[in-house]
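Residue numbers (the numbering used here), protein chains in the order written: chain P, 1 to 180; chain U, 1 to 605; chain W, 1 to 321.
There may be inaccurate statements among the hints.
Just a sample of chain P residues kept apart from chain U, beta carbon distances all over 12 Å, derived [unchecked claim]:
(1) Ile30
(2) Lys80
(3) Arg81
(4) Val85
(5) Glu87
(6) Arg117
(7) Asp140
(8) Asp148
(9) Arg169
If you want the footprint, here are the derived chain U segments under chain W, 3+ residues with CB under 8 Å [what the hints assert, rightly or not]:
(10) 24-31
(11) 193-204
(12) 210-224
(13) 371-382
(14) 439-447
(15) 582-595
Hints were generated in silico from the structure; no laboratory data involved. Remember, predicted model here, so these are calculated numbers, not experimental data. Each residue gets a CB set at the ideal place from its N, CA and C atoms; glycine is no exception.
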Amino acid sequence: MNENPLPSVIPDKEWKKIQRMLSKRSLWMIHFCTGCGAMEMPPVMTSRYDMERFGIIPMATPRQADLMLVTGYVATKTLKRIVRVYEQMQDPKYVIAFGSCPINGGIYWDSYNIIKRLDKYIPVDLYIAGCMPRPEAVMDAFLKLMKDIDEGKANGWMRYRKYYDQYKRNQMRIFKRWDE
Amino acid sequence: MDALTLFGIFILLPLVGALLSYFGRKYAPIIALIFVAITGIFLYVWYGNFGSYTVDIGVKLNLTFDITTWFFMLMINTVIFSSLLFAVSADLKNAGGFSTLMLLGFTGANGVLLSRDFLSLYLFWELMSWSVYVLILRTSGEYARRYLLFGVLSAYFIIMGIGIIYYYTGSFLYEDALSGVIPYYAWAWILVFLILGFGVKMAIIPLHVWAPYAYSSEQPFVSFLSGGLSKLGTFGIYMSMYSIAGVGILDSFGTFRGVSLLGYPFALLGAITAFVGTILAIFQDDIRKLLAYSSIGQLGYVMVGLGLGTSLALGGALFHAFNHAFFKSLLFLGAGAVIYRTGKYKISEMGGLGYRMPFTFLFVLFAIFGLAGIPLTSGFISKWMLYEAAIEKKFVIIAPLMLIASVGAFLYSYRILYGIFLGGLKEEHKKVKEAPAPMLAAMFILMLPLLIFSIVPGWILGWINDVLTNTGLKPIDYTQFTYYSSIGGANMATFWIAFMVLFFVAVAIFIMKRARVVNQYDNYFAGEAPSSVALHAAHNYYKPLKDTWAPMLKYSVDRAYEKFSKFFVDGFYEIKKIYTGNPQDYAAYLGIAFLIFLIIGWWLL
Amino acid sequence: MIVDWLIQAGLVALYLFLAVVIGLLFMGIARKVTARVQNRVGPPVYQNFLDVGKLLAKKTNIKHNWIFDFAPLFALAGVLLALAYLPMGGYKMLSGEGDLILLLYIMAIPALGFALGAGASANPNAGVGVMRALMLMLSYEMPFLLVLLALMIFYNTASLSTLLEKQMSFAWGIVALPISALAADLALQGMMMEKPFDIPIAPHEIASGPLVEFGGKYLGMLMLYSAGSIVLETTLFVDLFLGGGVVLNPAHYGIIAYVVNYLVWFVFIFIVWMIAVLINAVFPRFRIEQAFKFYWKWPTVIAILGLIQAYIMSVFMGVVP
């Protein structure tokens, strides 16, 4: 599990504009509901804000998803699941960290079992600050992500491949064992 | 060719083989295989070389080698050949005895197919029946007893039918039965007895109870029993209805839209058998029992065709019997290969073996296509003929029963595929190897006809047409690649070309991107990944369906028979109580009996 | 001869391509309509083209083993094959070369291939999903087969192209056999796995069931398959009961008839699809045994009534279309 299964260098010519356009317009999302942030998702999905306007729909499994939302604090136990879900997603894939907790620990800044910076373990493409961010902020984040994808700036998945060993080292410092 | 050559090649040669292979020890199946192959070569050489020979040994006996015999011999020969080929590497205990009994059964089958008189028919039938009994006995006495009970019942039925014919004609020859001396009400009894007698072999409900037990014996034998010998029932019913009696007699009972009123109830029984067999097969977890019930269901289809008796229906029945011989033998051999490698019978205890045994998986998959009637195999064409035969006559009870039974067939087919070959591979099966080469060869031989006759159905339909015209029935409507009923038709050449082209379209889209193979434990379990536990959802697979069917499933023919026998056992136990051992009681019985006789005598006088 | 044959093949290819395009468009329209029913804006109608494009353009794809590949290959090839045997807009396609029973069994090829590929992952959700799908199939096939039987004995043909001609000359199936049409539409809801019968792919219970391990190009091709199967199932209903949308006889009007019939057919399948979508938009989900009991109860009774009607009309009253 600790060997990078994919080539770490991606040839640039494959990364075409049309694919970026398609990825941008059809973001299928899996939301990893770790904390209170999940409560902000229903208004985003339903008729008040309706994210399906932009082609964003919730998916049941990471195999089908392009976008992962980590909604809330990340406990050390949860991190392994998040990493697993992230690795099961197919490239290109994007991560949005939701709320203050994945940024700097939030109100759990001094907790012994909470990850302070999610970015150390999986590449995060976009943060939404706030505790909690309101649905408007989430919608804005989606739009920002779409813009980033279009400009080729949302390339966390490339970072993950390139610095796979470093990410793994950080993760294994937390996990002790991978396979349980 | 004369009578002796015919007798020598098809009867004596296998008998010699049976004798020789008994001493063959480990190589017994190979010796048996050689003898079967020789018979097979003569079968190939003598195609078209048909003739009828009468031997007079006090009573007249008749051996006939015609297209009907040839057609059935072809499937029985192929099936026993592959069964023995499978047995070569199956490490059976006492392989010599096994091969001997198989060849005895084969001799019996050949005899039944060759004979055109009731005496030799009965003799060879018993030879076949008893060798099957001993073969089942090798596995379990209990299973063999159940088979024996119904085997004897079948023999009694047949003997009753024969007895009535002999009473009227004084001859055992088939052709003498049609001389007009038998009144039509006697024909009703004769036909019912013969159909029921042969129907036991085809495991028609309610005479199917032996099948799930008998089919749980050694797989090479079961493949021969289910694929080969059960076709003797088909042959017997076909001959007794359409050759011995003939359409004229059948129609004299009155007709219902061109179908004899004697045949219709049996067609209905066949449709019910197809439905019930399928439903019961869905709920089996033991692979052998599942295939046994499936076999019951599939032979129900054949019975429908035999009962309806139009050319299309009979053609469908013969074709379906042919297909069933191949795909069901293949399935039993595939199950045998899996059981040989894992030593397990329960579907839910296996899983993922398709990755370890890819060729076995492909062969079984193909057999399942045939079973489910996917048009990629000839299994579809026979089912199509049976459906159209029922629909063009507007039989609104038979047709839906058959159609829904074939949907049910998808359910248990998938249970076999998923439970055994797909899903998670268990740790203990990580080292399982592919089946030995002889087993694969045996399965490959059985797969070929299913594929070939799907592409060119005209070849086999030609033989079936010859069988029908030889029996004096109307020919079926077909060309090399197409087949028709009065309401529709299909062209297999178009189908295959279209399928190939569209499959390449799909492949072209598919190969544009490469895919990476991941570990089987790398699955989505909501982020959880139990890395050494194979989660396989095969246990009690159709539980919701079973729950909804529970009120119906509590009725069972099997248990009805058991209650029936228990009633008699209890009854005899009660009767036994009158033997008290007290002389005074016996004296009293004597007195009472005397009184009763006195009163009856008084009343009579 | 060979030129005719090539023209025929090209026309079939064109119709198949249009069918898949229409299927994707219909999926988009369904999403839009559902969104409007739920008082949302919804995605643009071409959204599903973007989705398929994205899925096929994914940088990585995973598979569990070689059996996994059966799913997209058999599903797409099978559904296109089934479409090829279906008259669309009065154009016979290959339906003269095979009848309704052949079509019924060809429709099993994609389902079986899909089930094989889904089962090939060790994910138990996939196994459970396929079990549900097969049980649902057993459920809805009961009324549907009775309906087909009613049609076949009433029109006395099993060939779809002949059925279309007879409907054109006599009366459309929905006029002659309205009860059967009702049963068929109920069965259609299960066949298309729309709510309340989306039990096999229930995303909230079993993580989209058989689809759980499919991603990237596998999912993209399966999406093309489901687009094709939408057109397949709606067209089957239209061909059986609405005369295949044939309003002008091609023998008299030539090419204009094909264009007009194609448009009418399009409107008809759109209506049939909209009925399914509108039911889908407002219903919750059955459990699988509830679906089974439902289908073997009411639609079956309705289908039997329809069969009795067809039987009486055909056998006792001697109506010969």
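Each hint, compared with the structure:
no. : hint    : result
1   : Ile30   : violated (10 Å)
2   : Lys80   : violated (8 Å)
3   : Arg81   : violated (3 Å)
4   : Val85   : violated (5 Å)
5   : Glu87   : violated (8 Å)
6   : Arg117  : holds (20 Å)
7   : Asp140  : holds (28 Å)
8   : Asp148  : holds (24 Å)
9   : Arg169  : holds (20 Å)
10  : 24-31   : violated (count 0)
11  : 193-204 : violated (count 0)
12  : 210-224 : violated (count 0)
13  : 371-382 : holds (count 6)
14  : 439-447 : violated (count 0)
15  : 582-595 : violated (count 0)
The earlier numbered hints that this structure contradicts are 1, 2, 3, 4, 5, 10, 11, 12, 14, 15.
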